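S.K.: Sequence:
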Amino acid sequence: MTIRPWRAATAAVRTQPVLALSAAGLAAALALTGCVAGEGGAADPGGAATGETDGWSDDTLAIDFATYNPLSLVIKDQGWLEATLGDDVEVTWVQSAGSNKANEALRAGVVDVGSTAGSAALLARSNGSPIHSIYVYSQPEWAAIVVPEGSAITSVADLAGTSVAATKGTDPYFFLLQALDEAGLGLEDVEVQNLQHADGKAALESGAVDAWAGLDPLMATSEIEAGSTLLYRNVDFNTYGLLNATESFLSESPDLAQVVVDAYAKAREWVAANPDEAVAILAEAAGIDGAIAEKVLTERTAVDIDPVPGEAQRTVLEVVGPFFVDGGDVADQSQIDAALAELLEPTYAEAADPATIAD
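With mature numbering (1 follows the signal peptide of the UniProt record, and there is no 0) applied, the sequence shown covers -20 to -1, 1 to 339.
Hints are computed from structural coordinates only; laboratory data are not their basis. One should not assume that every hint holds.
What the hints assert, rightly or not - Using C-beta positions, here's what the derived DEER-type ranges look like:
no., residue 1, residue 2, range
1, I285, G164, 30 to 40 Å
2, A178, D216, 18 to 28 Å
3, A178, G59, 19 to 29 Å
4, V305, T278, 29 to 39 Å
5, D306, D333, 36 to 46 Å
6, T278, S131, 22 to 32 Å
7, G166, L210, 16 to 26 Å
As the structure is a computational prediction, the values presented were derived from the model and not from experiment. Ideal placement from N, C-alpha and C gives every residue a C-beta, glycine not left out.
Using the sequences plus the hints, can you model the full thing?
M.R.: Next comes the structure, spelled out in structure tokens:
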């Protein structure tokens, strides 16, 4: 395993953990999200077998995992971060139930690195959250408009006057806004029930709402197990999956940030070489049937893409941004423009090297 020279230069940047959490706060986060402390591996400090560094820049790393981010599940399952960082860095895994929850965790300092939809990352940055997107982990078709089995609703235009479940601040919510706009409708034409993704699925299937802006794998589960129908699909309305890090973490621990990105690069290769195992990992983590996991991972999630944040993401986010202002989520378009100019940070993905990650 090789370590880039700049890692040695930054290894001693800080000696205190990046997270300024109280013991009670961390305990609560662990209890609520099922966090798992990392097991120490046999790697040398800094992950360097050659002893090129004196140690890592910090002794903790807090990172999220999410069922909408299959690469995170693979990295957690395989234990690569723990093996690479060894006993010198404790890895804490925090589950994100949705992009809005990942943004909350980043803003509160509960995680150093969190995974969201591109739209959610832009929204957070526009409203002052100091984050940068350092890796593109997928190009998904993870959001669509869903109606229950036997619904009389056959088009987006038919949603006028109905109740729709959606999780504000996430890709499905912004998918809904774009779909309504395309059909000549606005938020005032529907009653949005702001429910977390799993609650939205339950509300749809129980008849409490007429439609749901769904998110996989819950959406695929509802299709297969409850007979729900995807009323409207449009992959172009789905923003990319972005891995985000706080500015303080990037400035104080660029070495650890690079290790995370390197692990993601390894996960992309691993999923391509081990698709059946990747499906099994997703199925177990999400508590879903293998057929559902296969639909999500093979039909609706592209991980073999350019992972460097750049023009492809900027283009789709330029479309989504004005909806934030129209919906009252951001005060002014100038905030969107400033956020978009600052959000994407390509250098870590450009330097990604999966060979630095221990098995």
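S.K.: Evaluate each hint against the coordinates.
M.R.: Consistency of the hints with the structure:
For the pair I285 and G164, the supplied restraint of 30 to 40 Å holds, since their beta-carbon distance comes to about 33 Å. A178 and D216 have their C-beta atoms about 26 Å apart, which keeps the hinted 18 to 28 Å range intact. Our hint of 19 to 29 Å for A178 and G59 holds, since their Cβ atoms are close to 27 Å apart. For the pair V305 and T278, the supplied restraint of 29 to 39 Å holds, since their beta-carbon distance comes to about 37 Å.
For the pair D306 and D333, the beta carbons lie near 42 Å from each other, so the given range of 36 to 46 Å is met. Look at T278 against S131: about 27 Å separates their beta carbons, and that is inside 22 to 32 Å. The supplied range of 16 to 26 Å is met by G166 and L210, whose beta-carbon atoms lie about 22 Å from each other.
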